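Based on the sequences and whatever the hints tell you, model everything.
Residues per chain are reported as follows:
2 protein chains.
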Amino acid sequence: MSKAYTVAVVGATGAVGQQMMKTLEDREFPISKILLLSSKRSAGKKLLFNGQEVEVQEATPDSFEGVDIALFSAGGSISKELASEAVKRGAIVIDNTSAFRMDPTVPLVVPEVNEEDLRNHNGIIANPNCSTIQMVVALEPLRKAYGLNKVIVSTYQAVSGAGAAAINELKTQAKAMLEGEEVTSEILPVGSLDKHYPIAFNAIPQIDKFEENGFTFEEMKMINETKKIMHLPELEVAATCVRLPVVSGHSESVYIETDKALKVEEVKALLREADGVVLQDNPSEQLYPMPLYAVGKYDTFVGRIRKDLNKDNGLHLWVVSDNLLKGAAWNSVQIAESLIKLQLV
Amino acid sequence: MSKAYTVAVVGATGAVGQQMMKTLEDREFPISKILLLSSKRSAGKKLLFNGQEVEVQEATPDSFEGVDIALFSAGGSISKELASEAVKRGAIVIDNTSAFRMDPTVPLVVPEVNEEDLRNHNGIIANPNCSTIQMVVALEPLRKAYGLNKVIVSTYQAVSGAGAAAINELKTQAKAMLEGEEVTSEILPVGSLDKHYPIAFNAIPQIDKFEENGFTFEEMKMINETKKIMHLPELEVAATCVRLPVVSGHSESVYIETDKALKVEEVKALLREADGVVLQDNPSEQLYPMPLYAVGKYDTFVGRIRKDLNKDNGLHLWVVSDNLLKGAAWNSVQIAESLIKLQLV
Numbered sequence: 001m002s003k004a005y006t007v008a009v010v011g012a013t014g015a016v017g018q019q020m021m022k023t024l025e026d027r028e029f030p031i032s033k034i035l036l037l038s039s040k041r042s043a044g045k046k047l048l049f050n051g052q053e054v055e056v057q058e059a060t061p062d063s064f065e066g067v068d069i070a071l072f073s074a075g076g077s078i079s080k081e082l083a084s085e086a087v088k089r090g091a092i093v094i095d096n097t098s099a100f101r102m103d104p105t106v107p108l109v110v111p112e113v114n115e116e117d118l119r120n121h122n123g124i125i126a127n128p129n130c131s132t133i134q135m136v137v138a139l140e141p142l143r144k145a146y147g148l149n150k151v152i153v154s155t156y157q158a159v160s161g162a163g164a165a166a167i168n169e170l171k172t173q174a175k176a177m178l179e180g181e182e183v184t185s186e187i188l189p190v191g192s193l194d195k196h197y198p199i200a201f202n203a204i205p206q207i208d209k210f211e212e213n214g215f216t217f218e219e220m221k222m223i224n225e226t227k228k229i230m231h232l233p234e235l236e237v238a239a240t241c242v243r244l245p246v247v248s249g250h251s252e253s254v255y256i257e258t259d260k261a262l263k264v265e266e267v268k269a270l271l272r273e274a275d276g277v278v279l280q281d282n283p284s285e286q287l288y289p290m291p292l293y294a295v296g297k298y299d300t301f302v303g304r305i306r307k308d309l310n311k312d313n314g315l316h317l318w319v320v321s322d323n324l325l326k327g328a329a330w331n332s333v334q335i336a337e338s339l340i341k342l343q344l345v
Numbered sequence: 001m002s003k004a005y006t007v008a009v010v011g012a013t014g015a016v017g018q019q020m021m022k023t024l025e026d027r028e029f030p031i032s033k034i035l036l037l038s039s040k041r042s043a044g045k046k047l048l049f050n051g052q053e054v055e056v057q058e059a060t061p062d063s064f065e066g067v068d069i070a071l072f073s074a075g076g077s078i079s080k081e082l083a084s085e086a087v088k089r090g091a092i093v094i095d096n097t098s099a100f101r102m103d104p105t106v107p108l109v110v111p112e113v114n115e116e117d118l119r120n121h122n123g124i125i126a127n128p129n130c131s132t133i134q135m136v137v138a139l140e141p142l143r144k145a146y147g148l149n150k151v152i153v154s155t156y157q158a159v160s161g162a163g164a165a166a167i168n169e170l171k172t173q174a175k176a177m178l179e180g181e182e183v184t185s186e187i188l189p190v191g192s193l194d195k196h197y198p199i200a201f202n203a204i205p206q207i208d209k210f211e212e213n214g215f216t217f218e219e220m221k222m223i224n225e226t227k228k229i230m231h232l233p234e235l236e237v238a239a240t241c242v243r244l245p246v247v248s249g250h251s252e253s254v255y256i257e258t259d260k261a262l263k264v265e266e267v268k269a270l271l272r273e274a275d276g277v278v279l280q281d282n283p284s285e286q287l288y289p290m291p292l293y294a295v296g297k298y299d300t301f302v303g304r305i306r307k308d309l310n311k312d313n314g315l316h317l318w319v320v321s322d323n324l325l326k327g328a329a330w331n332s333v334q335i336a337e338s339l340i341k342l343q344l345v
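These protein sequence lines map, in sequence, to chains V and P. Each residue of the first sequence is one higher than the one before, counting from 1 in UniProt numbering. Each residue of the second sequence is one higher than the one before, counting from 1 in UniProt numbering.
Hints are computed from structural coordinates only; laboratory data are not their basis. A portion of the hints provided could be inaccurate.
Treat identical chains as interchangeable: a pair holds within one or across any two.
[As the list claims (entries may be wrong)] Using 16 Å as the maximum straight-line C-alpha spacing, the simulated EDC-like pairs for lysine to aspartate or glutamate come out as follows:
| # | residue 1 | residue 2 |
| --- | --- | --- |
| 1 | Lys144 | Asp259 |
| 2 | Lys45 | Glu58 |
| 3 | Lys171 | Glu181 |
| 4 | Lys150 | Glu257 |
| 5 | Lys150 | Asp308 |
The structure presented is a predicted model; accordingly, all values stated were derived computationally and were not measured.
Take a look at the structure:
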């Protein structure tokens, strides 16, 4: 008989928490007991898990007694406060916030790329930023075959990455604009900052706060996390991150330069066979990935593969995935599955 | 007394034609007589110009008798059929289609960049593709100061570039999706092709048809036209063109490499002084260009200026403009103004 685990979902009422629960159900994850945890504000709510009603409890250090695996997605400050408490009580934490991602003692894992890094965990494993995950899933098969030295990415990111309130804001604004009414903005681009702009029928070139160097924190996450996950500290990465009026599904226009010259047909063959990748690339049939069709899927969709017209080692591609699934919930659950497979839990 | 001209607008009832008329009014262009021309289908309609009702006439070769300046925006086949007829009858044609852009005998002009090329015209002057125009306006001041050898651009293009029917399609689809109704798609990405996809709450990585090399025609336009306008046949240009659920206003994430090393503050100073450019770049105030705020403006807005983290000669920027104005109608009228200024008409 295979083992079953006590699993805690921290931030169960949030957009990602909800997808984590759904993913655990879909995957028939071996669960003996589920704990749904949240801030004090959401405690007391009742949610369905596998057809059973479960009451959401306030997350406290003692909540983690007896927990085997804790999936955190309730914001960086909750993770900083409670992840080590969970580890002290014997849980392995899979954290979906940016709190520990760049901590050298914490593995930052995308199973298709660096599952083996899980062996070095010290209780906490970080789940990368959504836009980073789908990109490295697409690039890893190419790195293996050709080496990788440069990445320039421009993102087309959905509002669900900013939470359920941002989804509501987009829909409310779109409805108002279509009816010729006044529009208000309170959430995007960054809830905690002063200025808010409409996202409906707009594109906002800011995701998260600005850093000193003019890049946003989201852009720096893509830059730094890509190097860490791929074990390529010298990789040249640049990112421009843009929020779109799309509900879910992040898209990315990616340019790479490899060490060796590329062949497009070979690239397509590699991606067709790659774990977690679905190749959607047939110009004559107008086949390419789009966010509307990626929603609800675990895969990363890759298309628009073209050799650069000037460089034999240059390639352009278009990468789309459900930011709440492969970008968050599914990658976290997949890490948990890898931990079981590697007998680390 | 300064001269006034007989001006024809070919395609007057279309999205760009309408903006051409509005721009001629706004600029108080010296017009003695206006002719509004169209396909047979739209002939007979009555439009207001400078408060006067003008009947739209079917465009035929003889329509151009006595015309000084003819602004064409009625599709490539109309231009191919009638532009030379207009020239034969003494008109100067400013053509907003792709029909003559790459013809070596036809100047392809963005006045801020290569106004002097107008001197070599043989009757026809081509107005570049919308996404190309705003990019070269932003890049020309940098080319002058630093030289330019590489451009990688990913676009975020509005539906109005595909005409009034595409705007209607976006709005109809958005309304249906918000109400949970079925959505139909008939126009985008390319009306004449087999497959159509919803643009509302989506992103479609296809603008115009695919070429043999995997790039779309829109992408090849950006690549080839940029080289021609900037007189840089050796420039390395790559483009990925994406349609968004934005009504008007194209945005572009642009990466460039220059011959000399760049300084961000110097770049900002150059762009602040550049013709046709408005610098909107202040991260601490969350100031950057966005399409929703560019609509109705003649300028090209530039922001998110960052030095590349790896290359001293690498720069990232975000360029936004109204694709119907600087991308089409305004650039065409501006060419007409330049012709007058240079005494070429």
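Check your understanding: Does the structure break any of the earlier hints, and which numbers would those be?
Key -> none
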